[in-house]
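Asks: Sequence:
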Amino acid sequence: MQLLLWFDRLRDAIRAARASRQPRPQSPRHVAYVELSSICNAACVFCSYPILAQDSDRLKQMSGSVFARTLELLLQLGYRQCSFTPTTGEVFANPQWPDFFAQALQNEKIESVYFYSNGILLTEKNIARILELPNLHKLAAVHLSVGGTDKATYHRMFGVDKFAAVQRNINALCKALADRQLTIKVCCEARIPKTIKLATTDIERTFNMAGYRHFRAEVLRFFDPLGGLVTDKELRYLPPVRDKSKLCYRLGDIRFDARGGIWMCGCVVSERPGDTSLRIGSTDDQAEDIMLRQTEIISRWRQGHLPTVCAGCRVYKPAAGNDHDLLPDVHR
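Under numbering that gives the first Met the number 0, the sequence shown has 250 at position 251, and the numbering climbs by one with no breaks.
Honestly, the hints are just simulated from the structure, not real lab data.
Among the clues, some could well be false.
[Unchecked claim] The calculated SDA-like cross-link candidates involving lysine to any residue, where the alpha carbons are at most 25 Å apart (straight line), are:
| no. | residue 1 | residue 2 |
| --- | --- | --- |
| 1 | K137 | K184 |
| 2 | K243 | T294 |
| 3 | K59 | S47 |
| 4 | K108 | S281 |
| 5 | K174 | A140 |
| 6 | K174 | I129 |
| 7 | K150 | F221 |
| 8 | K174 | P133 |
| 9 | K59 | R278 |
| 10 | K124 | A92 |
| 11 | K193 | V218 |
| 12 | K124 | M208 |
| 13 | K124 | S62 |
| 14 | K245 | L291 |
| 15 | K174 | E123 |
| 16 | K196 | T152 |
| 17 | K184 | H142 |
| 18 | K316 | E295 |
| 19 | K243 | G303 |
| 20 | K193 | P239 |
| 21 | K184 | E107 |
| 22 | K193 | Y236 |
[As the list claims (entries may be wrong)] Computed beta-carbon distance windows for the label pairs:
| no. | residue 1 | residue 2 | range |
| --- | --- | --- | --- |
| 23 | R292 | S62 | 19 to 25 Å |
| 24 | R299 | A127 | 45 to 51 Å |
| 25 | S244 | Q180 | 47 to 53 Å |
| 26 | N321 | T275 | 26 to 32 Å |
No residue lacks a Cβ here, since even glycine has one placed at the ideal position from N, Cα and C.
Using the sequences and the hints given, assemble the complete structure.
Replies: Written out as structure tokens, the structure is:
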């Protein structure tokens with residue numbers, strides 16, 4: 000009995016330490032996140048998409064005109080890294096993705112491009128399209144989100160029976176890259192419930208049978224409840240962050256949604272039903288107006304007035320270095 004009490008006290012002490020810890024500072028990355036599609040083909044238990052999808056007005060494919068204006072604006076605002084990362088959608092759901100990727104890669108001011116996908120639509124045809132892209136040396140990384148390394152866990156986390164397809168697709172991508180001796184990073188992130196134990200070697204054995212040298216595996220065990228939108232009891236949640244006096248490094252990023260909206264921060268936490276506190280404009284606005292709204296949000300943060308979506312965010316990390324380096328050079 001005493002041993003059980005000791006374990007309970009130890010567990011409580013560990014939880015208290017986690018809750019009180021301050022995240023390590025991180026340097027701003029100045030990434031422009033471009034959401035080509037807000038439509039997804041999965042229903043992940045850790046994502047707000049199942050709730051956001053109830054509003055059909057949110058489900059859009061980025062049009063050619065909106066993308067052209069997006070590319071123009073992000074360059075005017077000083078961004079040189081472009082990430083095709085949907086907030087809640089799937090990049091390959093937009094049939095125009097090869098053209099949009101090509102435009103970004105061919106732009107001489109864009110230094111690097113990467114993208115996120117759940118791998119369901121990473122078919123042989125789409126792999127071939129990736130390999131046919133111009134300036135492929137500027138495609139820095141492919142990030143893939145999976146739900147564990149078995150069919151049951153995958154369905155538990157992603158809500159669809161697509162494990163076999165995803166496993167086949169990612170292995171095919173790794174083999175294609177290895178056969179061509181390319182160096183594009185493939186980052187495979189396995190999201191798991193608290194009941195599952197998983198090692199990075201398990202991920203490599205499951206999704207990188209070709210032994211592609213530039214494959215990186217990561218296990219994600221902790222999640223943000225997104226202000227109560229995510230409530231699954233089988234997930235482990237990040238502890239609240241108590242001290243947010245310093246600016247968050249993610250404020251240096253910008254996000255262009257599929258509908259033409261523009262937001263500070265590229266994270267999934269930035270957009271919730273009824274909350275536009277991080278929205279700084281649309282593709283109809285001028286760059287000067289967007290920059291002004293960026294600096295207004297930063298100024299209010301310094302005064303202790305955080306955007307409401309940021310107040311409860313658990314993935315917060317303070318920005319390292321000087322506050323003046325938070326936004327791209329064009330702001331100075």
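Asks: A separate judgement is required for each hint: does it hold in the structure or not?
Replies: Verification of the hints:
1. Distance hint between K137 and K184 is fulfilled; the C-alpha atoms sit about 11 Å from each other, no more than 25 Å.
2. For the hint pairing K243 with T294, the CA-to-CA distance comes to about 18 Å; that is within 25 Å, so the pair holds.
3. A hinted pair counts as satisfied when its Cα atoms are at most 25 Å apart, and K59 with S47 qualifies at roughly 16 Å.
4. Proximity of K108 to S281 is assessed by CA-CA distance (about 22 Å); at most 25 Å being required, the pair is judged to hold.
5. Distance hint between K174 and A140 is fulfilled; the C-alpha atoms sit about 15 Å from each other, no more than 25 Å.
6. Restraint check: the Cα-Cα separation between K174 and I129 comes to about 14 Å, which is no more than 25 Å; the hinted pair holds.
7. Among the hinted pairs, K150 with F221 is consistent with the structure: their alpha-carbon atoms are about 21 Å apart, no more than 25 Å.
8. About 20 Å separates the Cα atoms of K174 and P133, which keeps this hinted pair within 25 Å; it holds.
9. As the CA atoms of K59 and R278 are separated by approximately 17 Å, the hinted pair is consistent with the 25 Å bound.
10. A hinted pair counts as satisfied when its Cα atoms are at most 25 Å apart, and K124 with A92 qualifies at roughly 14 Å.
11. A hinted pair counts as satisfied when its Cα atoms are at most 25 Å apart, and K193 with V218 qualifies at roughly 12 Å.
12. Our distance criterion of 25 Å between C-alpha atoms is met by K124 and M208, whose separation comes to about 20 Å.
13. The straight-line distance between the Cα atoms of K124 and S62 is roughly 22 Å, inside the 25 Å bound, and the hint therefore holds.
14. Restraint check for K245 and L291: the C-alpha separation of about 20 Å stays at or below 25 Å, so the hint holds.
15. For the hint pairing K174 with E123, the CA-to-CA distance comes to about 11 Å; that is within 25 Å, so the pair holds.
16. Under the criterion of a C-alpha separation no larger than 25 Å, the hint pairing K196 with T152 is consistent with the structure, at around 11 Å.
17. A hinted pair counts as satisfied when its Cα atoms are at most 25 Å apart, and K184 with H142 qualifies at roughly 8 Å.
18. For the hint linking K316 to E295, the alpha-carbon distance of about 20 Å falls within 25 Å, and the restraint holds.
19. Taking the CA atoms of K243 and G303, the gap is about 9 Å. The hint holds against a cut of 25 Å.
20. In summary, the hint linking K193 to P239 is supported, as the alpha carbons are separated by about 18 Å, within the 25 Å threshold.
21. Taken as a hint, the K184 and E107 pair is honoured in the structure, with Cα atoms around 22 Å apart against an allowance of 25 Å.
22. Between the alpha carbons of K193 and Y236 the distance comes to roughly 10 Å, so the proposed pair stays at or under 25 Å and holds.
23. Taking the beta carbon of each, R292 and S62 are about 23 Å apart, inside 19 to 25 Å as hinted.
24. Between R299 and A127 the C-beta distance comes to about 48 Å, which sits within the given range of 45 to 51 Å.
25. Look at S244 against Q180: about 48 Å separates their beta carbons, and that is inside 47 to 53 Å.
26. The beta-carbon spacing between N321 and T275, approximately 29 Å, falls within the hinted interval of 26 to 32 Å.
Violation of the numbered hints given earlier is absent; every hint is satisfied by the structure.
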